[in-house]
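Position 170 of the sequence shown, counted from 1, bears residue number 169 in numbering that gives the first Met the number 0, the numbering being contiguous throughout.
Do not rely on the hints blindly, as some may be mistaken.
Unchecked claim - Under the rule of at most 25 angstroms between Cα atoms (straight-line distance), these lysine to any residue pairs were calculated in the SDA-like manner:
#1 Lys266 to Gln244
#2 Lys200 to Lys154
#3 Lys200 to Thr214
#4 Lys126 to Ser145
#5 Lys186 to Pro142
#6 Lys332 to Pro271
#7 Lys186 to Glu171
#8 Lys155 to Ser136
#9 Lys255 to Glu218
#10 Lys318 to Ser181
#11 Lys266 to Leu227
#12 Lys186 to Phe297
#13 Lys318 to Ala240
#14 Lys255 to Ala273
#15 Lys332 to Thr268
#16 Lys186 to Gly310
#17 Lys186 to Gln129
#18 Lys332 to Val293
#19 Lys186 to Ile283
#20 Lys266 to Leu338
#21 Lys199 to Lys65
#22 Lys179 to Lys255
#23 Lys200 to Ile327
#24 Lys65 to Ala119
#25 Lys266 to Arg192
#26 Lys126 to Gln244
#27 Lys266 to Lys179
Simulated from the structure, these hints should not be mistaken for laboratory data.
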Amino acid sequence: MKRILRTAGRIIILLVFTAFLWLAAHLIVQGFGVIWPILLTPFVEQILTLWLVFGLLFLTMFIFSKSARKRHHAIWDSLTATIKQMSSGNFTAAASRKMEKIERDHPVTKLADELSTLAAELSEMEKLKQEFISNVSHEIQTPLTSLKGYAHLLKKPDLSYEERGRYLHIIETETERLSKISENLLKLTALERQTEPIQKKPFRIDKQLRRTILTCEPEWSAKQIEFLIDLQESYVYGDEALLSQVWMNLIHNAVKFTGEGGRISVKITDLPEAAAIEIADNGIGMEPEQAERVFERFYKADKARNAGGSGLGLSIAKKIAELHGGSIEVESKRGEGTLFRVILPADPHETNS
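Using the sequences and the accompanying hints, generate a full structural model.
Here it is in structure tokens:
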């Protein structure tokens, strides 16, 4: 309907314009008739008016086509410049190019705007890639520097047995840290590419959480942390092995950032067709701007959270939750603790008790 109305409108405008040209041509010919009344018979007057209308139409078309050519050239030049900048890797400059207002109605404008949007997205991806490479380099360089330094110290002939053992222990620890970084990077890459299929099945999430808490007992017992558990029987539908990594990471972080004699609570809440698992502590907490970035790769909120770890655990946990059609969110306040809430789809075949 819109296309029909638009076409009808153009036809009406063309007819009105032609009528205007005919009137203008008729007035011009009549003006000549006043000067040379003998030469202009009614027939000649009609012929001259007709040819003058054609002449005015041609002149109008020529003026508009010349203007349109300049406009088209400007559009294609802008589009070509954007493509050249993108091909050379200059995504930031390509993203900043926008079509002029005079070109807004041109069909190619939409393509040019889409290219600018694509360039902006590629520019953001390039920044993320550079940041990722920088973070990886930093995380790997730190243990490598330690390994090099302590390996050099081991060359000293006058080292005592205790010093040699301590240096070897540090080298072993840093080697394990490098191995963990590599393992987590490979794991996150595999999850993002989904090269390994997720083996989903219904299982008791409350039992899995209890097992994870017991596995971490040496850590929280050493700090005399109190665990408050509210785990009623509850089913979810997912990959048990992958979800185990989520709970291990969240509970490990809660223990790490909770002080001596602190408190950690683990709770399951049944939602419509889903289960919400909350793991909360009364540890050091985070600022709001830090909590917003806590799921980014290699992000560490502050120096206190730099002790150990690679900054990949929460990124992996978030990706696993998303692959299950769920989500993970965080609430935190500096000095008051942190709460992680994981929402997972319930088992479609079982009813939560």
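Comparing the hints with the structure gives:
1. Lys266 to Gln244: Status holds; Cα separation ~17 angstroms.
2. Lys200 to Lys154: Violated, at roughly 54 angstroms.
3. Lys200 to Thr214: 23 angstroms, holds
4. Lys126 to Ser145: 29 angstroms, violated
5. Lys186 to Pro142: 20 angstroms, holds
6. Lys332 to Pro271: Violated, at roughly 29 angstroms.
7. Lys186 to Glu171: 22 angstroms, holds
8. Lys155 to Ser136: 29 angstroms, violated
9. Lys255 to Glu218: At roughly 8 angstroms apart (the allowed maximum being 25 angstroms), glutamate 218 and lysine 255 satisfy the hint.
10. Lys318 to Ser181: OK: lysine 318 and serine 181 at ~17 angstroms, within 25 angstroms.
11. Lys266 to Leu227: 8 angstroms, holds
12. Lys186 to Phe297: Holds, at about 14 angstroms.
13. Lys318 to Ala240: This hinted pair holds, its Cα atoms lying about 14 angstroms apart.
14. Lys255 to Ala273: The hint is violated at about 29 angstroms.
15. Lys332 to Thr268: 22 angstroms, holds
16. Lys186 to Gly310: Distance of about 13 angstroms is within 25 angstroms: holds.
17. Lys186 to Gln129: Between lysine 186 and glutamine 129 the Cα gap is close to 20 angstroms, so the pair holds against 25 angstroms.
18. Lys332 to Val293: 13 angstroms, holds
19. Lys186 to Ile283: Roughly 29 angstroms separates the two Cα atoms, so the pair is violated.
20. Lys266 to Leu338: Satisfied, since the Cα-Cα distance of roughly 11 angstroms is no more than 25 angstroms.
21. Lys199 to Lys65: 65 angstroms, violated
22. Lys179 to Lys255: With Cα atoms ~17 angstroms apart, lysine 179 and lysine 255 stay inside 25 angstroms; holds.
23. Lys200 to Ile327: Roughly 20 angstroms separates the two Cα atoms, so the pair holds.
24. Lys65 to Ala119: 34 angstroms, violated
25. Lys266 to Arg192: 32 angstroms, violated
26. Lys126 to Gln244: 29 angstroms, violated
27. Lys266 to Lys179: Cα-Cα ~29 angstroms, so violated.
The structure fails to meet hints 2, 4, 6, 8, 14, 19, 21, 24, 25, 26 and 27 from the earlier list, while all remaining hints are met.
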